[in-house]
Amino acid sequence: MDCKEREISILKSYTNMMKNTQIVPCENDLHEEILKAEQLCVLSSPRWEVMNRTSQLYQTTFNKHQTMLKIHTLQINEEWKAMRQKAKLFSDFAEANKENKNITFLTVGLTNETQKGASIYLYTDGFSVSENFEPPSKPATVTGSDINHNSVTLKISPPRFGAEDITSYSVEYCVSGEDDWKQETASKAEEVQ
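Numbering-wise, the sequence shown is residues 1 to 193 according to UniProt numbering.
By construction, these hints were calculated from the structure, which means they are not laboratory data. All the pointers check out, no bait thrown in.
Label pairs and their computed distance ranges (CB to CB):
| id | residue 1 | residue 2 | range |
| --- | --- | --- | --- |
| 1 | K36 | K98 | 15 to 21 angstroms |
| 2 | K155 | E32 | 42 to 48 angstroms |
| 3 | E32 | E99 | 22 to 28 angstroms |
| 4 | S130 | W181 | 31 to 37 angstroms |
| 5 | K98 | C174 | 21 to 27 angstroms |
| 6 | E95 | S145 | 26 to 32 angstroms |
In the BS3-like style, the derived pairs of lysine-lysine whose C-alpha atoms are separated by at most 25 angstroms in a straight line are:
| id | residue 1 | residue 2 |
| --- | --- | --- |
| 7 | K81 | K116 |
| 8 | K36 | K98 |
| 9 | K88 | K98 |
| 10 | K138 | K182 |
| 11 | K12 | K116 |
| 12 | K138 | K98 |
| 13 | K138 | K88 |
| 14 | K36 | K101 |
| 15 | K182 | K98 |
| 16 | K12 | K88 |
| 17 | K101 | K88 |
| 18 | K88 | K19 |
| 19 | K19 | K138 |
| 20 | K116 | K88 |
| 21 | K138 | K101 |
| 22 | K12 | K98 |
| 23 | K36 | K19 |
| 24 | K19 | K101 |
| 25 | K155 | K138 |
| 26 | K81 | K12 |
| 27 | K81 | K19 |
| 28 | K155 | K182 |
| 29 | K19 | K98 |
| 30 | K81 | K138 |
Backbone N, C-alpha and C fix where the C-beta goes; we use that ideal spot for every residue, glycine too.
Model the full assembly from the supplied sequences, consistent with the hints where possible.
Below is the structure:
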């Protein structure tokens, strides 16, 4: 498998991993989506741009040797690792918000001179909010402590990613045998009783 085929294979695996995400083929389509959506979260990478070009225009000359010689293998592997991490984070965020019809999730191939590698863009009402949005991941750990016959205290550890954008944590609970769910909220990662 040559470098171009390997790159396309890796990109396909990343896009297959992302559920609840629409792939946008070009920048013009992205601009249409930006103007339509109330909230828009976009995962972008120059690598997807390469995949779109090489998939759609396969017969066009693509000088992979000239491109690949400029980049060291270690840098490429680190870039792939970072892209996979962003794709996973993006996918998890899209999955967690799939019921929210106000948010649209897209993947597009664009080159951004200010952002190296993959970037997550956030738009609200057609305007850019962030070119390097970091959606919060799941809390690192949630552990139960101080458990007795009528209560449990949960210790919530902050997530590895996006902790600075979290405004609160919410725990819903239901007393055994009852139908009513109640909610407790904490402003930061701490113990919730």
